[in-house]
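Build out the structure end to end from the sequences listed, making use of the hints.
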Amino acid sequence: MTGTEGRGFLLRSAPDGPWAGWAGARFLDEGLASVHAAPGRALARLMNLVSLLPGGFGLVWDHPPAWMQALPPESRQGWWEAITAIPRLSLHLPPEIAAQLPGGAFRGWVHAPDMPEGPLGDLWRQGVVGWVPRTGPVWRLPDLGPTAPGDEVPAGWLWGEATLALGALSALASGEALVAAMSEAQGAAERGLAQRMASEAWVDLPFARRAVGWRLSLVGGAEFLRAGGTWPLVLGQLRALRALLEERLRTPIHLGACSDFQVAALLGRQALREGLPWRASLPLPPAPGAFTPGLAADPRDAVPLEARTLQPPAWPDSLNHPPVALLRVPAVPPEAGAQTLLAQTQPAPALRWLPPELPPPGPFDPDRPWAPAATFPFPADPGNGVQRGLFEDLG
Numbered sequence: 001m002t003g004t005e006g007r008g009f010l011l012r013s014a015p016d017g018p019w020a021g022w023a024g025a026r027f028l029d030e031g032l033a034s035v036h037a038a039p040g041r042a043l044a045r046l047m048n049l050v051s052l053l054p055g056g057f058g059l060v061w062d063h064p065p066a067w068m069q070a071l072p073p074e075s076r077q078g079w080w081e082a083i084t085a086i087p088r089l090s091l092h093l094p095p096e097i098a099a100q101l102p103g104g105a106f107r108g109w110v111h112a113p114d115m116p117e118g119p120l121g122d123l124w125r126q127g128v129v130g131w132v133p134r135t136g137p138v139w140r141l142p143d144l145g146p147t148a149p150g151d152e153v154p155a156g157w158l159w160g161e162a163t164l165a166l167g168a169l170s171a172l173a174s175g176e177a178l179v180a181a182m183s184e185a186q187g188a189a190e191r192g193l194a195q196r197m198a199s200e201a202w203v204d205l206p207f208a209r210r211a212v213g214w215r216l217s218l219v220g221g222a223e224f225l226r227a228g229g230t231w232p233l234v235l236g237q238l239r240a241l242r243a244l245l246e247e248r249l250r251t252p253i254h255l256g257a258c259s260d261f262q263v264a265a266l267l268g269r270q271a272l273r274e275g276l277p278w279r280a281s282l283p284l285p286p287a288p289g290a291f292t293p294g295l296a297a298d299p300r301d302a303v304p305l306e307a308r309t310l311q312p313p314a315w316p317d318s319l320n321h322p323p324v325a326l327l328r329v330p331a332v333p334p335e336a337g338a339q340t341l342l343a344q345t346q347p348a349p350a351l352r353w354l355p356p357e358l359p360p361p362g363p364f365d366p367d368r369p370w371a372p373a374a375t376f377p378f379p380a381d382p383g384n385g386v387q388r389g390l391f392e393d394l395g
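The sequence shown begins at 1 in the working numbering and counts up by one.
It is possible that part of the hints are untrue.
What the hints assert, rightly or not - The calculated label-pair distances, taken between Cβ atoms and stated as ranges, are:
1) P283 to G118: 39 to 45 Å
2) Q346 to V138: 47 to 53 Å
3) F207 to Q77: 41 to 47 Å
4) G103 to P64: 29 to 35 Å
5) E357 to R273: 25 to 31 Å
6) G187 to G103: 45 to 51 Å
7) T375 to R250: 46 to 52 Å
Rather than coming from a laboratory, the hints here were simulated on the basis of the structure.
No residue lacks a Cβ here, since even glycine has one placed at the ideal position from N, Cα and C.
Here you go:
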């Protein structure tokens with residue numbers, strides 16, 4: 001991975017290929033002559049692919065491979081567990097497939113128009129999978145981007161990800177600094193990829209240069225609002241910046257939110273170290289001088305659920321894929337509590353619950369630890385009146 005740090009932004013890319021990518025599940029069928037050898041070879045193909053992509057790979061389970069149906073249930077569950085152990089691999093599933101997952105947490109997302117209910121809803125509220133509200137035929141992959149329309153999901157790629165602090169947007173509005181950094185990184189990645197392909201060290205998935213995009217992601221939404229910022233103005237500036245970058249770079253720009261704790265902390269430390277104007281929105285010492293990831297409150301802080309799911313009202317008109325809201329709770333929430341939360345959060349972002357039985361995701365920052373699960377507010381359940389007692393932890 002290569003990184004370029006500018007005033008108010010951080011750019012990440014790969015030295016000799018794309019930064020991240022996604023594809024449908026049909027490519028797992030290619031070149032597999034034996035059903036018995038298919039699971040192992042498909043697993044090796046995925047591991048080889050993900051090892052080349054520092055930003056991760058999204059596997060969209062749109063058309064399950066034919067050999068999956070031939071596997072016995074134990075082997076099928078073992079294969080699911082094996083692929084979810086691959087670092088930087090995320091699963092994207094329709095509701096009927098997500099209901100077949102075995103127990104345990106997955107880096108997976110179920111894409112459905114409505115909140116999961118029934119057995120699938122139990123898996124969602126237990127933190128096994130996340131939920132992405134799906135509003136059309138296109139798959140919108142959190143932390144990656146939107147897929148191309150079609151019956152089958154074609155391979156998609158990103159040259160890299162440029163993350164910027166919302167408070168620095170006015171300083172980056174001209175786009176010149178971003179265009180220069182992104183052009184240099186893209187040129188280096190293309191030259192390295194040409195050598196990789198000439199050496200036959202590339203993967204089997206097709207690579208179409210004209211379809212490769214960039215991801216423009218945002219951090220510091222909580223600090224932006226604390227400093228008096230307003231969403232309508234900043235969303236208009238972001239749309240203008242995206243149009244400018246697409247015109248200058250002649251490549252798609254996918255606008256979304258960044259959920260990376262480390263990147264948000266790096267941009268906060270940069271603002272303090274260099275005395276940049278947007279440092280005024282950061283908390284005062286001894287609190288760590290770091291921006292919060294994404295557009296809502298930090299998921300590590302024990303604040304109300306509404307603050308952790310707060311998103312711009314018009315984000316579907318501006319962002320290409322939904323922001324991620326990670327909701328830590330002291331117990332598995334009831335279905336009525338989840339419905340109440342969604343009624344207050346419209347349009348809903350991509351939601352993933354984190355009950356105390358599941359460990360919080362890393363990396364772990366000693367300056368910004370996760371608050372204990374027992375301190376997080378519990379979602380209200382108007383159906384049965386479940387609510388944590390004031391002195392419940394003292395018994």
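A quick look at each hint next to the structure:
{"no.": "1", "hint": "P283 to G118: 39 to 45 Å", "verdict": "42 Å, holds"}
{"no.": "2", "hint": "Q346 to V138: 47 to 53 Å", "verdict": "20 Å, violated"}
{"no.": "3", "hint": "F207 to Q77: 41 to 47 Å", "verdict": "33 Å, violated"}
{"no.": "4", "hint": "G103 to P64: 29 to 35 Å", "verdict": "20 Å, violated"}
{"no.": "5", "hint": "E357 to R273: 25 to 31 Å", "verdict": "39 Å, violated"}
{"no.": "6", "hint": "G187 to G103: 45 to 51 Å", "verdict": "47 Å, holds"}
{"no.": "7", "hint": "T375 to R250: 46 to 52 Å", "verdict": "49 Å, holds"}
Hint violations for this structure: numbers 2, 3, 4, 5, all remaining hints satisfied.
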